[in-house]
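Q: To convert, count from 1 in the sequence shown and add 29; that's our numbering.
You may find that some hints are simply not true.
What the hints assert, rightly or not - Here are the simulated BS3-like pairs of lysine-lysine, each with C-alpha atoms no more than 25 Å apart in a straight line:
#, residue 1, residue 2
1, K113, K103
2, K64, K113
3, K90, K204
4, K179, K92
5, K130, K90
6, K90, K323
7, K92, K323
8, K212, K179
9, K204, K113
Claimed, not checked - Here are the computed distance ranges between Cβ atoms for each label pair:
#, residue 1, residue 2, range
10, P278, G63, 42 to 50 Å
11, T250, K103, 26 to 34 Å
12, L107, P180, 24 to 32 Å
13, A249, G100, 38 to 46 Å
14, L107, G183, 36 to 44 Å
15, F72, G295, 34 to 42 Å
Note that these hints are calculated values from the structure, not bench results.
Heads up, the beta-carbon is just placed ideally off N, CA and C, and yes, glycines get one too.
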Amino acid sequence: MVLTGCDKAKEFVRAGQKSGPPQLSPGEELDLAGKPDVLFQVFGESSDPRMVPIAAIVGGKLKAIRLSPAGWHKFDDLYQHAGKSYPLYQGGLANGTVDIKRGMWSDTADALYALPGCATLTPMSSVRVNGRLASDFTLEFLASTATMGKPHSGAPMNQDSVNRIAKTISHEVAKSVGINEAKLDSLSFRAIAFYTGASASPTILASFIDEGAVKPASIATRTTHLVVFADKDASGQYHATFSHRINGPLAAAAFRRYFDHLDLDGDGVDEIVLQGWQFGGDTFLSVLGWREGKWQEIYRTRANWCLDERRAEAN
């Protein structure tokens with residue numbers, strides 16, 4: 030399988046540089062000897078899904094996986110060889126399993142995928158997802174070598190209440206950043222509530238997006254986008270605990286959408302995972318942790334799978 034869209038090599042040439050495998054400082058390479066736990070993203074069509082590593086879990090914290098080319102081959106052999114099986118997670122709990130059919134490098138000559146102009150790739154595996162509805166056309170899950178997730182007790186919120194609170198808090202946030210009420214109400218709106226452990230009550234997500242940004246007439250078009258999380262404080266009132274907002278040129282817009290929630294560090298409070306992307310760019314995952322009464326980004330994945338780095342040409 031060949032994936033297009035890797036223009037790094039061309040960029041390096043234009044900048045008078047060449048691309049090559051990452052150069053790691055002493056101690057920077059992830060130590061695979063102890064087989065650290067790994068967090069994966071599962072994605073793609075249900076008929077032929079893929080899985081890619083997005084972080085190591087070391088000492089209860091997410092850590093970027095930095096390896097030499099030889100180290101990545103060892104990683105693939107340890108974690109992604111055919112027959113391996115890991116739990117899938119959705120909504121904070123285990124939900125099925127993922128079985129590896131083949132890793133990035135097998136006995137065949139070809140790697141599982143390639144990117145034009147890229148020499149060093151994040152290893153991917155071809156997988157089979159178990160425990161999902163056959164009607165699911167596309168898949169997006171977290172998977173891990175670690176055992177994660179504990180149920181948070183609490184009754185589900187009435188959707189009308191969720192919508193009302195989400196809109197009230199979002200209008201307050203929008204006003205503070207110059208988005209008027211009429212503009213916000215014209216956007217596509219979604220609100221959900223789920224227990225994270227940040228408080229005894231559910232965390233509420235509100236998302237507003239301009240549907241015109243999907244197929245714009247021009248990149249000079251302005252767009253408005255707002256994502257807000259709200260949680261109850263000690264007084265029992267909901268207030269905004271995170272916001273991401275765009276109110277400007279589409280070409281410079283950075284979008285976010287809810288991906289999932291899961292207790293990744295074992296502290297009893299779920300992390301929230303968002304998918305992010307620049308307009309016209311590659312996607313990445315942004316992990317939010319509960320810190321001092323707010324949701325803050327604690328980890329971000331790479332926006333592409335090409336690991337090549339720039340190096341100055343030798344004279």
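Q: If a hint holds in the structure, say so; if it doesn't, say that too.
A: Each hint tested on the structure:
no.: 1; hint: K113 with K103; verdict: 15 Å, holds
no.: 2; hint: K64 with K113; verdict: 14 Å, holds
no.: 3; hint: K90 with K204; verdict: 36 Å, violated
no.: 4; hint: K179 with K92; verdict: 22 Å, holds
no.: 5; hint: K130 with K90; verdict: 29 Å, violated
no.: 6; hint: K90 with K323; verdict: 18 Å, holds
no.: 7; hint: K92 with K323; verdict: 21 Å, holds
no.: 8; hint: K212 with K179; verdict: 39 Å, violated
no.: 9; hint: K204 with K113; verdict: 51 Å, violated
no.: 10; hint: P278 with G63: 42 to 50 Å; verdict: 47 Å, holds
no.: 11; hint: T250 with K103: 26 to 34 Å; verdict: 47 Å, violated
no.: 12; hint: L107 with P180: 24 to 32 Å; verdict: 31 Å, holds
no.: 13; hint: A249 with G100: 38 to 46 Å; verdict: 45 Å, holds
no.: 14; hint: L107 with G183: 36 to 44 Å; verdict: 39 Å, holds
no.: 15; hint: F72 with G295: 34 to 42 Å; verdict: 25 Å, violated
Violation of the numbered hints given earlier is confined to hints 3, 5, 8, 9, 11, 15; the remaining hints are satisfied by the structure.
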